Amino acid sequence: MRLRTPIALLGAALLVLVGPPLLTSGSGAETGTQIPGLRFMVPNTPGGGYDITARTAAKNAEDAGLTPNIEVFNLPGAGGTVGLTRLVGEHGNGKLAMSMGLGVVGAVHTNKSPKTLADTTPIARLTEEQDIVVVAKDSPYKDIGQLVEAWKKNPGKLPVGGGSSPGGPDHLAPMLMAQAAGIAPKSVNYIPFDGGGELLASILGNKVAFGVSGVGEYLDQIKSGELRLLAVTGPKRVPGLDAPTLREAGLDTEFTNWRGIVAPPGLTDGERDKLIGLVTKLHESEQWQESMKKNGWDDAFLTGDKFGDFLDQQDDSVDQVLKELGL
Numbered sequence: 015m016r017l018r019t020p021i022a023l024l025g026a027a028l029l030v031l032v033g034p035p036l037l038t039s040g041s042g043a044e045t046g047t048q049i050p051g052l053r054f055m056v057p058n059t060p061g062g063g064y065d066i067t068a069r070t071a072a073k074n075a076e077d078a079g080l081t082p083n084i085e086v087f088n089l090p091g092a093g094g095t096v097g098l099t100r101l102v103g104e105h106g107n108g109k110l111a112m113s114m115g116l117g118v119v120g121a122v123h124t125n126k127s128p129k130t131l132a133d134t135t136p137i138a139r140l141t142e143e144q145d146i147v148v149v150a151k152d153s154p155y156k157d158i159g160q161l162v163e164a165w166k167k168n169p170g171k172l173p174v175g176g177g178s179s180p181g182g183p184d185h186l187a188p189m190l191m192a193q194a195a196g197i198a199p200k201s202v203n204y205i206p207f208d209g210g211g212e213l214l215a216s217i218l219g220n221k222v223a224f225g226v227s228g229v230g231e232y233l234d235q236i237k238s239g240e241l242r243l244l245a246v247t248g249p250k251r252v253p254g255l256d257a258p259t260l261r262e263a264g265l266d267t268e269f270t271n272w273r274g275i276v277a278p279p280g281l282t283d284g285e286r287d288k289l290i291g292l293v294t295k296l297h298e299s300e301q302w303q304e305s306m307k308k309n310g311w312d313d314a315f316l317t318g319d320k321f322g323d324f325l326d327q328q329d330d331s332v333d334q335v336l337k338e339l340g341l
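Residue numbers 15 to 341, in this note's numbering, belong to the letters of the sequence shown in order.
Worth flagging that the hints you see were computed from the coordinates, not collected in a lab. It is possible that some hints are incorrect.
As a list, the in silico DMTMM-like pairs of lysine to aspartate or glutamate whose alpha-carbon atoms are at most 20 Å apart [stated by the list, open to error]:
1) K320 <-> E298
2) K295 <-> D313
3) K250 <-> D157
Bear in mind that the values here come from a model prediction, so they are computed numbers and not experimental data.
Hey, can you work out the whole structure from these sequences and the hints?
In structure tokens, the structure reads:
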């Protein structure tokens, strides 16, 4: 957990854009990673962080010769808890895994989901990433100071959009920003979208005053000038991006997001170990390392029971922060 704020909390990141295919030194047969028919579920809409993560992991694994033809499919709804319920219902299915992260942890709380991450088989945490604060290119806000000044005057009239349900990273980040700016979190007009893809259209269409999302989701739009980047939420600036941290902008808070992979309950030890082994070889591959480097993601690799312990800690942390923020 790497969130440091006056009220403390959560952290970390995962996501990646696909890097160019690289040469591989082995095959799935040699490494014992072959899982024919493997499917990756994405519990939100195409274009969001979970989606990019799953498709990047699938392509990198195939390019590295670890296992062929991984199917990626989307099952959005209720901040990821529709997908979570489906995953838990696939008891004993060793050929299914779900891309997920902090957003699903939060959605379990805010949607009062009967199924939780404690019902799944933890496979791996992969990466950490910062959130970003962005506006459309024609926004009147040229820097984070101007935005915060206007936001403080009338928080209800400056809607902020995020690609996660209440309790998820894109919700918690602006709430912590608001608290640091002296704005009551309950007065913030937060509009949730089911992933970064849906959020992007609303930012570009000026349907929200500003958006908060993962840094990797909007790199192309920032570089093309469609979006104006005002700040990053982590402890340090992102290389290659011209934007201050929140602390540099005078807001005493920081926040990072994380993403990982879980599988259905009821797997045999062999099925669990095979999935962990596949993800471990993926993590070691040149393809995955190149993808992380290309997008500036921090490596946060953690597998099996240690990842399960981390999920338990995150669940407690989200519950605590929602109570402390009065949400």
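We went through each hint and held it up to the structure:
Only pairs whose Cα atoms come within 20 Å are accepted, and K320 paired with E298 is accepted, the gap being roughly 18 Å. For the proposed pair K295 and D313, the alpha carbon gap of about 14 Å is at most 20 Å, so the pair holds. A threshold of 20 Å between alpha carbons decides the hint, and for K250 with D157 the separation of about 17 Å falls inside it, so the pair holds.
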